[in-house]
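Engineer: Here are the chains, one letter per residue:
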Amino acid sequence: MRKIGKAFYTVGFVLVFVLLGSPFSWAQSNVSVEASLSQTTIYTGERVSLSIEISGNFNNVSRPELPQFENFRLLSDNPSTSRSYSYVNGQSTVSYTYSYYLIAQKKGEYQLPPVSVSIDGETYATDSIPVNVIDQDDSATSGDSSGQPDIFLKLEVSDKKPVTGQQVITDVILYFRDGLEVNSYQPVPGWKAEGFWKEELENTGRPRAESTVLNGIRYRKARLLQFSLFPTKSGELEISPYKIVVAVRSARSGNDPFSSFFSGFGSNQREVELSSDPITVDVQPLSPTDDATYIGAVGNFDISRSISTNNALVGESIEIKTRVRGSGNIPLISKPNYDLPEGLEIYEPQENTRLNRRNSTISGSKSFTDVIIARSPGNYTIPAKTVSYFNPSRAQHITTTLEPLTFSIDENPEAIAASGNSGEIPVSPITGLASWIVISPNPADLLEIWWFWPGLIIPLLIVGFAYWRKSYAEKMQTDTAFARSVKASDKAQQRLKKAIEISEQGDIKQAYNLLQKAITGFISDRLNMPEAGLSNQDYIEALKEQDIEENLVKNVRMLLEKCATISYAPNTTHAYLKSHVGLAESTLEKLQKVL
Amino acid sequence: MPTNRIPKIFLFLFLFGGLASLSFAQQNAQALFDDANEMLQEGNYQQALSLYQKLEGQNTVSGALFINMGISYQHIDSLGIAKYYFLKASQFEETEQQAQKALEFVESRFSRQSAVLPKLPWDIATDWLQEHIGAKNILLIGIITLNVGVLIFIAHWFVQAYPNVLRIAGLSLIGAALLIIASSFYTQYISERYSKAVMVTEKVSVLEEPTEEASIVSRAYEGYTFTVDHRQSKSEQEWAYVRMSNGLYGWIPNSEILIL
Chain Y
1 MRKIGKAFYT VGFVLVFVLL GSPFSWAQSN VSVEASLSQT TIYTGERVSL
51 SIEISGNFNN VSRPELPQFE NFRLLSDNPS TSRSYSYVNG QSTVSYTYSY
101 YLIAQKKGEY QLPPVSVSID GETYATDSIP VNVIDQDDSA TSGDSSGQPD
151 IFLKLEVSDK KPVTGQQVIT DVILYFRDGL EVNSYQPVPG WKAEGFWKEE
201 LENTGRPRAE STVLNGIRYR KARLLQFSLF PTKSGELEIS PYKIVVAVRS
251 ARSGNDPFSS FFSGFGSNQR EVELSSDPIT VDVQPLSPTD DATYIGAVGN
301 FDISRSISTN NALVGESIEI KTRVRGSGNI PLISKPNYDL PEGLEIYEPQ
351 ENTRLNRRNS TISGSKSFTD VIIARSPGNY TIPAKTVSYF NPSRAQHITT
401 TLEPLTFSID ENPEAIAASG NSGEIPVSPI TGLASWIVIS PNPADLLEIW
451 WFWPGLIIPL LIVGFAYWRK SYAEKMQTDT AFARSVKASD KAQQRLKKAI
501 EISEQGDIKQ AYNLLQKAIT GFISDRLNMP EAGLSNQDYI EALKEQDIEE
551 NLVKNVRMLL EKCATISYAP NTTHAYLKSH VGLAESTLEK LQKVL
Chain G
1 MPTNRIPKIF LFLFLFGGLA SLSFAQQNAQ ALFDDANEML QEGNYQQALS
51 LYQKLEGQNT VSGALFINMG ISYQHIDSLG IAKYYFLKAS QFEETEQQAQ
101 KALEFVESRF SRQSAVLPKL PWDIATDWLQ EHIGAKNILL IGIITLNVGV
151 LIFIAHWFVQ AYPNVLRIAG LSLIGAALLI IASSFYTQYI SERYSKAVMV
201 TEKVSVLEEP TEEASIVSRA YEGYTFTVDH RQSKSEQEWA YVRMSNGLYG
251 WIPNSEILIL
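Which chain is which? The protein sequence lines are Y and G, in order. Note that our numbering has the first sequence beginning at 1, numbered continuously upward. Note that our numbering has the second sequence beginning at 1, numbered continuously upward.
By construction, these hints were calculated from the structure, which means they are not laboratory data. There's no promise every hint is true.
Stated by the list, open to error - Chain Y regions said to be covered by chain G (calculated; three or more residues, Cβ under 8 Å):
id : stretch
1  : 338-345
2  : 463-471
Stated by the list, open to error - Facing chain Y, a subset of chain G residues (Cβ under 7 Å, in silico):
id : residue
3  : Ile152
4  : Ala214
5  : Ile216
6  : Val217
Said to hold, decoys possible - Mimicking BS3-like on lysine-lysine, the simulated pairs with C-alpha atoms at most 30 Å apart in a straight line are:
id : chain 1 : residue 1 : chain 2 : residue 2
7  : G       : Lys196    : Y       : Lys335
8  : G       : Lys136    : G       : Lys203
9  : Y       : Lys562    : Y       : Lys544
10 : G       : Lys203    : Y       : Lys321
11 : Y       : Lys487    : Y       : Lys562
12 : G       : Lys196    : Y       : Lys385
13 : G       : Lys54     : Y       : Lys385
Using N, Cα and C, we set each Cβ at its ideal position, and we do this for glycine too.
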């Protein structure tokens, strides 16, 4: 049996590769080598299966070369093998799976080392696999298995402190204990994630259950659904509970790690509605940036700009396409604003968004198409534009400069023919000398013009002064007492001057007579007394009534007496008179101040 | 003697320096204008316009500059902006006639013509004063008249001949001067509060409120003229409160119009 089987295997192998593999041997081989563990969290002493799956288009493959496993014991060097063949769209694929069993010997977190395989003379290596080995005794004492539910739903987010607009991958994970089998599930509609823009991601395969240990209890977990959530504002946002209805039944044996997640229907089947706990996400605001360049994109993007043609005719449309490609909040990206030159008709821009919901992320592209039409011939340049987006993985704004676009527009012969009859503007350009004026950007306020206030105030002052002069002149003409009082001093001065002149001519008596008239005239003019018929005593009395200082009155009396008695003084000289005139001048000056 | 010369030298340098710099600015403007005119004659309207705009940005302007800018914009089919510059050119005595001709031509090219309400006589008078004399000159005339009136009135106090004639003449002149001064302030107020504006984009809605969602008063098309009320528009940075030429009022985005 063994020989026959071996011969049959060899013949079959050769036939398959001769018939199917050889005609396509020129095709580029697409080989993948993957290692997986049946469980990544296991107890000490527990057996775990290591599978190495080799698939692709190849001819010769060697048995995997196992490395030295520390803290694990290999049960047997001879693996159990399985193989399969497929032929899809004219391409054949062979798949080999080698399975080994390992026993965990010591608790701890380890990396299972890569396994290498030689395929068609080339060596391939698997990735290392993280394994967590826990002590069964420790977990039994620390875990409170009595409070743990048999089945529950949980939301798991990729980042609990994202920034506004960042893509947060949210997994809806079902945990269920060994012994339970989930037949089907149905999401309860109406799940809302307020404060987020959400997109459901596509799961290409059926959910796969993995083994895990929670609080000392072995669970199997399966990701049922996956969403991309994009926070639209900063602050603490709550992702509301997600609900599903699952059909479960108790299985007789749950130890087989490779049993199907969706088992067949059984007699113990029942439907259970499960709800996850809400999750609070602390959304951080974006770091400040130049609003003019930021286009609202958060993620990892490639931004480019292109023009449909560099040469067109007047009236022909030109498209400027701006494309943003990458992963992130693609639908929320806004169009950069360009400074378009004058003379262009600009039409409503078109937007086109393509989203790819596979590979556990939202990726794709968004394009903006500006349609412009030039109205006149010439060379046009759309200047360079700087745009920026936020990259959460680098935690910084990334700035990209879009190169300037130039295009030339030629006259459209058809348009010229059509507009030939419309006529030219009846004005020619002025190409000679022009008379220039410099205009002030801010016209002055009328109240701030320098001549405004003087122009108003000066006439008012002139009116005031003129009115005063007019009133004075009128009073001088109509009020005799006022006129005498005003003129008294001048009159007295003239008389005193005359007295000196006469004295110089030798007529001393007449000079004293004038001196007396000067004094009495001054007093009578200032006090509005009769000009004649009064004695010296009357003047003295009048002065006393005015409460004049006694010394002044005494001087006046002395001078008047001197004038009256001078006829009896034969030796009076000119110098003597001059001294009296001087005294009279000073006395009258003082009197003028008090009368 | 040397000390007496120093102030004179400073005065000379000040006057000479000021006049020289003004003259240099005008020469520079003329040179730039000549370059732009060459571009215009070669049919390179975009480059000609960028040079003309440079001049305009320097606040050195002339009627010829605005005529040529209007012609350039007419060639690139921006008729609204062309009308705006022809209206500016019409404010200059030397280019008024050409600007009017060009305006007639541009008006005939607009796809839509609007009904225009005739202006009130008082508005016509105010516009005339604003355009032909200016508030500052009116004020100067008022101040001079006031001073002359005051002097004549004072004269009747001191001059014996025809005192009544002088008094009445003086008071009349003072009264007239106060009216002229008041009208200068009114003209200034009107010119600061209201401006003419031209619609330079193809089509826009005139709205009842300064928001995109407000109900529509009317549609406006390229070349329509409006009277912008700056006092009403002060509260809204991106909107202007306008009176259309048919007497309707409404709000329009500032980006759609050019204010003269």
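Engineer: So which of those numbered hints doesn't the model satisfy?
Structural biologist: 3, 4, 5, 6, 7, 8, 12
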